[in-house]
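**Q** As they're listed, the protein sequences go chains A, B and C. Read in order, the letters of the first sequence correspond to residues 1 to 320 in our numbering. Read in order, the letters of the second sequence correspond to residues 1 to 278 in our numbering. Read in order, the letters of the third sequence correspond to residues 1 to 270 in our numbering.
For the record, the hints were derived by calculation from the structure and aren't laboratory data. A portion of the hints provided could be inaccurate.
To be verified - Capping the alpha-carbon separation at 20 Å, the derived lysine to aspartate or glutamate pairs in DMTMM-like fashion look like this: (1) 192(B) - 134(B); (2) 192(B) - 141(B); (3) 125(A) - 77(B); (4) 192(B) - 176(B); (5) 192(B) - 182(B); (6) 125(A) - 57(B).
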Amino acid sequence: MQLALRLARRAGVFLVSLLGASLLIFLVTNALPGDVAQVLLGTDATPEALAELRAQLGLDQPLAVRYLQWLGGLIVGDFGSSHLNGQPVLGLLAPRLAVTLWLVLFGVLGSLLIAVPAGMVAALKRRSWPGFTISAAAQVGMAIPVFWGGIMLVLVFAVWLHWLPANGYVPLLRDPAQWASHLVLPALTLAGVQAAVLIRYVRSAFLEVLNEDYYRTARAIGWTPMRALLRHGMRNAAISLVTVLGLQVSSVLVGAIVVESVFTLPGLGTLLITAVGQRDLLVVQGTVMFLVLAVLLISALVDLSYLLIDPRQRTAGGAR
Amino acid sequence: MSLLDVRDLQVDFGRRHIPAVRGVNFSLDAGQRLGVIGESGSGKTVTALAVMGLLPENAHVAGSVVLDGQQIVGLAERGLARLRGNTVSMVFQEPMTALDPTMRVGRQVAEVLRLHQGAESGPARERVVAMLAEVGLSDADRIADAYPHQLSGGQRQRVVLAMALINSPSLVICDEPTTALDVTVQALVLAKLDEVLDASGAACLFISHDLAVVSQVCDQVLVMLDGRIVESGTVEKLFTAPEHPYTRGLVATARLDLTVPGQRLPTVDDFYAGGDHG
Amino acid sequence: MKRAQLLTGLVLVALVVLTAVVAVFWTPFDPIRVVPGQRLLGPGWPHVLGTDGFGIDIASRLMVGARTVLLVGIISVGLSAVVGVPLGLLAGQAGGWVDEVVMRLADIVYAFPALLLAILLASVFGASTLTAMAAIGVATIPAFARVARAGTLEVMASDFVLAARASGTSRWGIARRHVLPNIAPLIGVQASVGFAMAILAEAALSYLGLATPRPNPTWGNMLRDAQQFLFVAPLQALWPGLAIALAVLGFNLLGDGLRDYLDPRLREVP
Numbered sequence: 001m002q003l004a005l006r007l008a009r010r011a012g013v014f015l016v017s018l019l020g021a022s023l024l025i026f027l028v029t030n031a032l033p034g035d036v037a038q039v040l041l042g043t044d045a046t047p048e049a050l051a052e053l054r055a056q057l058g059l060d061q062p063l064a065v066r067y068l069q070w071l072g073g074l075i076v077g078d079f080g081s082s083h084l085n086g087q088p089v090l091g092l093l094a095p096r097l098a099v100t101l102w103l104v105l106f107g108v109l110g111s112l113l114i115a116v117p118a119g120m121v122a123a124l125k126r127r128s129w130p131g132f133t134i135s136a137a138a139q140v141g142m143a144i145p146v147f148w149g150g151i152m153l154v155l156v157f158a159v160w161l162h163w164l165p166a167n168g169y170v171p172l173l174r175d176p177a178q179w180a181s182h183l184v185l186p187a188l189t190l191a192g193v194q195a196a197v198l199i200r201y202v203r204s205a206f207l208e209v210l211n212e213d214y215y216r217t218a219r220a221i222g223w224t225p226m227r228a229l230l231r232h233g234m235r236n237a238a239i240s241l242v243t244v245l246g247l248q249v250s251s252v253l254v255g256a257i258v259v260e261s262v263f264t265l266p267g268l269g270t271l272l273i274t275a276v277g278q279r280d281l282l283v284v285q286g287t288v289m290f291l292v293l294a295v296l297l298i299s300a301l302v303d304l305s306y307l308l309i310d311p312r313q314r315t316a317g318g319a320r
Numbered sequence: 001m002s003l004l005d006v007r008d009l010q011v012d013f014g015r016r017h018i019p020a021v022r023g024v025n026f027s028l029d030a031g032q033r034l035g036v037i038g039e040s041g042s043g044k045t046v047t048a049l050a051v052m053g054l055l056p057e058n059a060h061v062a063g064s065v066v067l068d069g070q071q072i073v074g075l076a077e078r079g080l081a082r083l084r085g086n087t088v089s090m091v092f093q094e095p096m097t098a099l100d101p102t103m104r105v106g107r108q109v110a111e112v113l114r115l116h117q118g119a120e121s122g123p124a125r126e127r128v129v130a131m132l133a134e135v136g137l138s139d140a141d142r143i144a145d146a147y148p149h150q151l152s153g154g155q156r157q158r159v160v161l162a163m164a165l166i167n168s169p170s171l172v173i174c175d176e177p178t179t180a181l182d183v184t185v186q187a188l189v190l191a192k193l194d195e196v197l198d199a200s201g202a203a204c205l206f207i208s209h210d211l212a213v214v215s216q217v218c219d220q221v222l223v224m225l226d227g228r229i230v231e232s233g234t235v236e237k238l239f240t241a242p243e244h245p246y247t248r249g250l251v252a253t254a255r256l257d258l259t260v261p262g263q264r265l266p267t268v269d270d271f272y273a274g275g276d277h278g
Numbered sequence: 001m002k003r004a005q006l007l008t009g010l011v012l013v014a015l016v017v018l019t020a021v022v023a024v025f026w027t028p029f030d031p032i033r034v035v036p037g038q039r040l041l042g043p044g045w046p047h048v049l050g051t052d053g054f055g056i057d058i059a060s061r062l063m064v065g066a067r068t069v070l071l072v073g074i075i076s077v078g079l080s081a082v083v084g085v086p087l088g089l090l091a092g093q094a095g096g097w098v099d100e101v102v103m104r105l106a107d108i109v110y111a112f113p114a115l116l117l118a119i120l121l122a123s124v125f126g127a128s129t130l131t132a133m134a135a136i137g138v139a140t141i142p143a144f145a146r147v148a149r150a151g152t153l154e155v156m157a158s159d160f161v162l163a164a165r166a167s168g169t170s171r172w173g174i175a176r177r178h179v180l181p182n183i184a185p186l187i188g189v190q191a192s193v194g195f196a197m198a199i200l201a202e203a204a205l206s207y208l209g210l211a212t213p214r215p216n217p218t219w220g221n222m223l224r225d226a227q228q229f230l231f232v233a234p235l236q237a238l239w240p241g242l243a244i245a246l247a248v249l250g251f252n253l254l255g256d257g258l259r260d261y262l263d264p265r266l267r268e269v270p
């Protein structure tokens, strides 16, 4: 019963946020002193041509009506279409989505693979040099802008060592080996920067575990410190880390957009930046809406993963 | 040869070497039960953790702790881990937090078996349920599948007790095992502890601030104050002829049934400045 | 250890501020004028860090970049503090549905990273320093609101506020006399950390061409230019990145150091 209530509440928060976000996006893109028609035709367009294009784009309708029309379109999966070439936004997104998804997936996995062991060691050896070194490295890593990190990796692995391509992308189905080699540097860039941020959280989550009585119990039955942490710390640390991961979703996505630019990967980020350059407002509007939807959806799902990790959350009324 | 032999144990903490235990000597024979009594900060828990080798990193240990013929002080983590849960086990004070909240308690008990005996999960399960029943948990089969938060404090403490006993260790260290429990549950758990210790023949180092509790389980008692042992002897002797003024105070506070109604209750301080309520 | 962190932070921040101030009055060379004969020189004299693809002195451009970064940082952090702190105070003091509404709004804005806001603004108004500042400022409002709200809740639960309420001090009076002074250190820490974030965001935006456009130098757009010459003049990509990393490190260390210095209770909290 309580569980259903929590699910319903989370779904409510998701819907309200989505509605608010769509309103915000719509208002910003319609805050232009002129309007889309003006932008498209330039300042020397005739009033007749402007009026015609406005009518064609539905810009002669009141703002509220246009918002509702746009929202209605979103609900049935119509994210609008480019007014440069008339292509639907969703059609533009689809082929690029895979690139961004691969990048985000490997970026997140990589950051966890780096940050979890590093954070564990940093917590366990906090009073000796491995702990200090990891904490200091994380501090420095957090200061490195993602695109510079990418450029430096290109410099080392592409320009100097010639091990990996500097940029570009090959679809998985065309040539898996090429696909992988083109994704290594971008994914590593994203993973490294995210890991630097995560290490601090992992470290403090495991520091908490070290102070828990059940950790001492695990030691008392004969686990060595590292194995006690692995066996009994992971799940418990994960409970507090899930919250952090939920908050990181948007920063991972932003990181991916920047990384795509560095390595000229044909993903959502490149689409967005190109659309901004061409002042293709509706494509920008649709793509941003899509990304925000993704952020909200993923954070909601991450929130719900509590239920899988923490048995106390599952039992009705049995919390704590 | 005694099971546990502690010689001139000294423990201090941190860079400033704040002393916690200053030269403690005692020994314990197989099957013997020794109570350690004292207020918080007297060094009794630190002594117990030194025997387990579980002191925090910033602790400095000197002296000798020989358990079952093996020197604990300075022993590497791997060697210590082999002893813990097998030769020596521990029951902690806080049953509410001593178990991993994300793991079914049956698995946590079975872990002790697997860790030291490499037991298979099938037979392990049977032994776990049997052990849970032995420490007085009715419906042990169902409890093995429960998460800690679904159990009461008394039930959890019995689970911890089962974890401590399932490998038939030679020594069980109990650190205030009943302090956090309700008085009624306390008596039940103590009686059960007494029973299972008898059955297994394990020795017991029983730490408490409460002389009345200690007297239910132990025959020999040490009294600790400020990191030193100030008095030792049988429970009987301590009750009838306490020597140290601190012990006299302890006895008086443990035997409140002897006070006259209307009279002010005795405190330990009364026994230092020549007060003679005893 | 902690002292060394704070000190390092202070030195780095002071270095950035000093460079920016000097750059207002003097740079070794013109940071904008193209000099065709001097393209892609390596480090040496008189061009200490060499010249870029347009023959412009890199050191001079870095100095002016520091100016831009500080300006964007001050304006955007100022904007988000001025909006976020009162909102957090209000939410923390009023509680109930006001709190709920403010925090939901914060959640919505939180789903918009500075980059997406900047993309929206740049596509409507054209990319400029101003759109970057606005995007970063608005995107970090929730962080300030959260910190202010958490601090307010703690102060409101304290005994001295209870005493003040009992003696009839108004809400506004409590906010001004008790809450604000007590949460000021938290806000200071958040400002320092927020500054670091603003520098990173500005750099990313100008790298993507979503902030200050050429020919005005920023560390981000310098890197964008340098990337084209990565095979020919790899060192060019080093300096602006190093400048960003050191500035961000400085503000982060300063924030962490302040946190420890002002409130030992907050230690070990990331």
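**Q** Mind listing which of the numbered hints don't hold for this structure, in increasing order?
**A** none
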